[in-house]
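Number of protein chains: 2
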Amino acid sequence: MDFITLKEKIINAKANANIAVVQPESPEVFEAIKSASMENLCHFSLIGDQKTILMQMEKVGLKGCEIINAADATCAAYSAIDLIHRKQAHILMKGNVPTDVLLKAVLDHEKGLRTTQLLSHLVIVETHERAFLGVTDGGINIQPTLADKVSIIHNAVKFFHRLGVEKPKVALLSATEKPNPKIPSAAQANQLIDLVKAANINDCLVYGPVAFDLAISRRARQIKKVDNKIYSNADIVLVPEIVCGNSLAKSLIYCAKFHSGGVVLGAECPIILLSRADSAQEKLNSIILGVMQCIRC
Amino acid sequence: MDFITLKEKIINAKANANIAVVQPESPEVFEAIKSASMENLCHFSLIGDQKTILMQMEKVGLKGCEIINAADATCAAYSAIDLIHRKQAHILMKGNVPTDVLLKAVLDHEKGLRTTQLLSHLVIVETHERAFLGVTDGGINIQPTLADKVSIIHNAVKFFHRLGVEKPKVALLSATEKPNPKIPSAAQANQLIDLVKAANINDCLVYGPVAFDLAISRRARQIKKVDNKIYSNADIVLVPEIVCGNSLAKSLIYCAKFHSGGVVLGAECPIILLSRADSAQEKLNSIILGVMQCIRC
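Here the protein sequences line up with chains A and B, keeping their order.
211 is the number that the numbering used here gives to position 211 of the first sequence; each next residue is one higher, with no gaps.
283 is the number that the numbering used here gives to position 283 of the second sequence; each next residue is one higher, with no gaps.
This is chain A alone, in the form it adopts within the complex (with noise of 0.2 Å):
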């Protein structure tokens, strides 16, 4: 599976999903709405300051955008979940709004969008074999607990599901393969094993603790002599803690180039926080992203 695949199914399915937009006020914002928008991929609700939104709207030629005028950002945010909650939108999506905000909204108790599960980032980056690779949490959890992680894993599998990996292979990363007692991500591979296995998420194999390369390179695993295939293949790579996750994911998308897309899970909907830095396919990936989840929803 790739991008441009997974394009085309949306395309396809013409899912007739909608994006509702919180705060969008800068020119790259409106550039990635505006794209996914020309390649039909869903609609798109905008949510904010009316005056920029239609100023901004017409100096990229974006048309045909439901507008909803809000005084602030946190207005925005609670507009925009009120759609999610009367299913007029389908996926939330953060523009100007800080994210801060845009959060405390989506985890309010009362009207946000809580599910049982903890929020979490997932980045998928295209490998240069035409394969998608999650790396999960290197966004939100800064040092997630066990239990946090097998929230995190539950969250992963089920997009991995989505996306038609029906049994994906969830790599518990660490520095080794040994259960070393010093480093806690390979003494506590095991009993985390055991606790995705007590959560019943079904449908995927976790395996661990695994260095990166055994994760993901083939040839890594025959010069280690791992016959096990799981090894070297994962579809997702959970890793201990924040800087670790953002660091190989930043290591992916700017060193090995691969394409790339972001999206939080683990709310009622998907939600797509799209960064300054990224580049304007990695947006459009993004979004793609966001509206795979729905088609299948």
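Do not take every clue at face value.
Which copy is meant is left open, because identical chains are indistinguishable; a pair holds if it fits in one copy or across any two.
[Stated by the list, open to error] Mimicking DSBU-like on lysine-lysine, the simulated pairs with C-alpha atoms at most 30 Å apart in a straight line are: (1) K104 with K14; (2) K182 with K9; (3) K224 with K51; (4) K257 with K34; (5) K224 with K104; (6) K182 with K111; (7) K9 with K111; (8) K7 with K197; (9) K59 with K197.
Quick caveat, the hints were computed from the structure, so don't treat them as lab data.
Because the structure is a prediction, the values reported are computed rather than measured.
Assemble the complex: chain A is given as a structure, and chain B must be docked to it using the hints.
For chain B alone, coordinates are given in the frame of chain A:
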């Protein structure tokens, strides 16, 4: 600077460095020794079971190495260290001796190769722009304290000085550029910068916290509107803990396909720990990095 230029420098310098190899036994180790010998990079003293060594030398067609018989791994390690003390060898290299046995001998308070610095591992990758980027420590120190990190930075900076980089730029890696109190590497960056200054580690520029994209990518710097060019131009990336460093280095090697080599620093001489999963070129690069350290000693 790149590995080919570095190799030529060494050949031209006629360094006459001698590498003491502890317990060489496997064909891969002898292939690495042979290729370094053929390039006239250095000499080798091979320390271990004489019969095995002679047999393997014949197999790969290797000639002209000193052979020192040693009864077992520990004896071989101490014999090699003795050669270093007597200045008959200048670099220590792991053959098939277990890493812990070798490092235990190196760290022996009486007979070892201890200095006042911590032992630390440095991976050097050659980016597509033919620049060297160091990642430390993804190999030895699991969860270094701030004091440990000062020593790790000291080792890497000294290494880059010998590579000819007068004022290496050291990026303190985190997931953000903000001093987020919840992320230790982000919260403690300023304190670490002060400790580096207090330790009189001069001729380097330590900065952070910084996420990987802003540490190495000009595009990220432009988009994030950071004027200071120290960003996006790191020579050395200091990682918070071992899994982050290990995964980052491996993604640069396996996914970005950067040429690489690695070396252990902080002892009285450079230590080369080849890994089974290293390619022939990576092994040669590690030897190049080790020998380079001796030219300017």
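Hint-by-hint comparison with the structure:
no., hint, verdict
1, K104 with K14, "neither (32 Å within a copy, 64 Å between copies)"
2, K182 with K9, "neither (46 Å within a copy, 40 Å between copies)"
3, K224 with K51, "between (61 Å within a copy, 26 Å between copies)"
4, K257 with K34, "within (24 Å within a copy, 35 Å between copies)"
5, K224 with K104, "between (46 Å within a copy, 24 Å between copies)"
6, K182 with K111, "between (43 Å within a copy, 27 Å between copies)"
7, K9 with K111, "neither (33 Å within a copy, 67 Å between copies)"
8, K7 with K197, "neither (33 Å within a copy, 52 Å between copies)"
9, K59 with K197, "neither (52 Å within a copy, 50 Å between copies)"
Hint compliance for this structure: hints 1, 2, 7, 8, 9 are broken, all remaining hints hold.
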